[in-house]
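Chemist: Protein chains in written order, with the working numbering: chain A, 1 to 111; chain B, 1001 to 1114.
Keep in mind that the hints are not guaranteed to be accurate.
No more than 25 Å apart at the CA atoms, straight line, and that leaves these computed lysine to aspartate or glutamate pairs for DMTMM-like [said to hold, decoys possible]:
hint: 1; chain 1: B; residue 1: K1102; chain 2: A; residue 2: E5
hint: 2; chain 1: B; residue 1: K1013; chain 2: B; residue 2: E1082
hint: 3; chain 1: B; residue 1: K1102; chain 2: A; residue 2: E67
hint: 4; chain 1: B; residue 1: K1013; chain 2: B; residue 2: D1085
hint: 5; chain 1: A; residue 1: K54; chain 2: A; residue 2: E67
hint: 6; chain 1: B; residue 1: K1102; chain 2: B; residue 2: E1075
hint: 7; chain 1: B; residue 1: K1102; chain 2: B; residue 2: E1053
hint: 8; chain 1: B; residue 1: K1102; chain 2: A; residue 2: D27
hint: 9; chain 1: B; residue 1: K1102; chain 2: A; residue 2: D81
hint: 10; chain 1: B; residue 1: K1013; chain 2: B; residue 2: D1084
hint: 11; chain 1: A; residue 1: K54; chain 2: B; residue 2: E1101
hint: 12; chain 1: B; residue 1: K1013; chain 2: B; residue 2: E1075
Some chain A residues flagged as far from chain B (calculated, every beta-carbon gap over 10 Å) [to be verified]:
hint: 13; residue: G16
hint: 14; residue: S26
hint: 15; residue: L59
hint: 16; residue: Y73
hint: 17; residue: T108
In silico negatives: residues of chain B with every beta carbon more than 12 Å from chain A [as the list claims (entries may be wrong)]:
hint: 18; residue: V1019
hint: 19; residue: G1028
hint: 20; residue: D1084
Just so you know, the hints here were simulated from the structure itself, not pulled from any lab data.
Note that the Cβ used here is the ideal one computed from N, Cα and C, for glycine as well.
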Amino acid sequence: GIQVEQSPPDLILQEGANSTLRCNFSDSVNNLQWFHQNPWGQLINLFYIPSGTKQNGRLSATTVATERYSLLYISSSQTTDSGVYFCAVVVGGTSYGKLTFGQGTILTVHP
Amino acid sequence: ETGVTQSPTHLIKTRGQQVTLRCSSQSGHNTVSWYQQALGQGPQFIFQYYREEENGRGNFPPRFSGLQFPNYSSELNVNALELDDSALYLCASSQVGQHNEKLFFGSGTQLSVL
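With these hints in hand, go ahead and build the complete structure from the sequences.
Modeler: Below, the structure is given as structure tokens:
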């Protein structure tokens, strides 16, 4: 099956710093989403981005499908950004809800 | 934003027992998926339901089964519980046919098997 690798596994920042999270995937995909899991376990959908670039406030994401990677940018980080960030993909031709998740990046933002 | 609700939030069972977890999809969504998340891992796909039929299954044994009802709510049933079934169980809903195939997750049910 498809492999989804996220880096770095852990990231510690001071409030106000910027960061880049990376997601590499081993096969072509027709669906890629970024999620933030807060300390209470809630998975929040940040972006649906199978290709191209999107921005939402301090967050932006870019997917280069031909090179099989996606990047999540967090600018001016805040303590509320802490949690685990997951990249998840759907391989072309499979059912829509069958996301394959990476192992996540654990982000800790200190005040 | 998410309107996906799950119940119960926490559950403790003993090995060999059976459990039923429930999920109400976000309004307007016709597809529900279930995921298992072990501690420190990413969620793993169990199965998906569309129009009350299973439509895709991950690498889980048959003792994991599900139902989707006409109102798009769903149940996950696990028989003959094992210790390794202890995990956070997440339900997600989406609307098939939309160009933007985003999944929206509930807060999960934390299952502990003793």
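Chemist: Are all C-beta atoms of chain B more than 10 Å from that of S26 (chain A)?
Modeler: Non-interface label on S26 (chain A) holds, nearest chain B Cβ at 15 Å vs cutoff 10 Å.
Chemist: Given the hinted pair K1102 (chain B) and D81 (chain A), is their Cα-Cα distance within 25 Å?
Modeler: Holds. K1102 (chain B) to D81 (chain A) sits at ~21 Å (cutoff 25 Å).
Chemist: Taking the shortest Cβ-to-Cβ distance between D1084 (chain B) and chain A, state whether it exceeds 12 Å.
Modeler: holds (18 Å)
Chemist: Non-interface claim for T108 (chain A): all C-beta distances to chain B beyond 10 Å?
Modeler: Since the minimum Cβ distance to chain B is about 15 Å, T108 (chain A) lies beyond 10 Å and the statement holds.
Chemist: Take a quick look at whether K1102 (chain B) and E1075 (chain B) sit within 25 Å of each other, Cα to Cα.
Modeler: Between K1102 (chain B) and E1075 (chain B) the Cα gap is close to 21 Å, so the pair holds against 25 Å.
Chemist: Sort out whether D1084 (chain B) lies within 25 Å of K1013 (chain B), counting only the CA atoms.
Modeler: Judged against 25 Å, a Cα distance of about 12 Å means the pair holds.
Chemist: So if I understand the rule, the pair passes when the alpha-carbon distance is 25 Å or less; does K1013 (chain B) with D1085 (chain B) pass?
Modeler: holds (10 Å)
Chemist: For the pair supplied as a hint, K54 (chain A) and E1101 (chain B), is the alpha-carbon distance within the 25 Å limit?
Modeler: Measuring from Cα to Cα gives roughly 15 Å; hence the hint holds.
Chemist: Run the distance test for K1013 (chain B) versus E1075 (chain B): straight-line Cα separation, threshold 25 Å.
Modeler: Distance of about 17 Å is within 25 Å: holds.
Chemist: The output says V1019 (chain B) does not contact chain A. Does that hold with a beta carbon cutoff of 12 Å?
Modeler: holds (18 Å)
Chemist: Evaluate the condition: distance from the CB of G16 (chain A) to the nearest CB of chain B exceeds 10 Å.
Modeler: Its Cβ never comes within 10 Å of chain B, the nearest being 27 Å, so this holds.
Chemist: For K54 (chain A) and E67 (chain A), compute the direct alpha-carbon distance and say whether it is at most 25 Å.
Modeler: Roughly 18 Å between the alpha carbons, so the hint for K54 (chain A) and E67 (chain A) holds.
Hint compliance for this structure: every hint is met.
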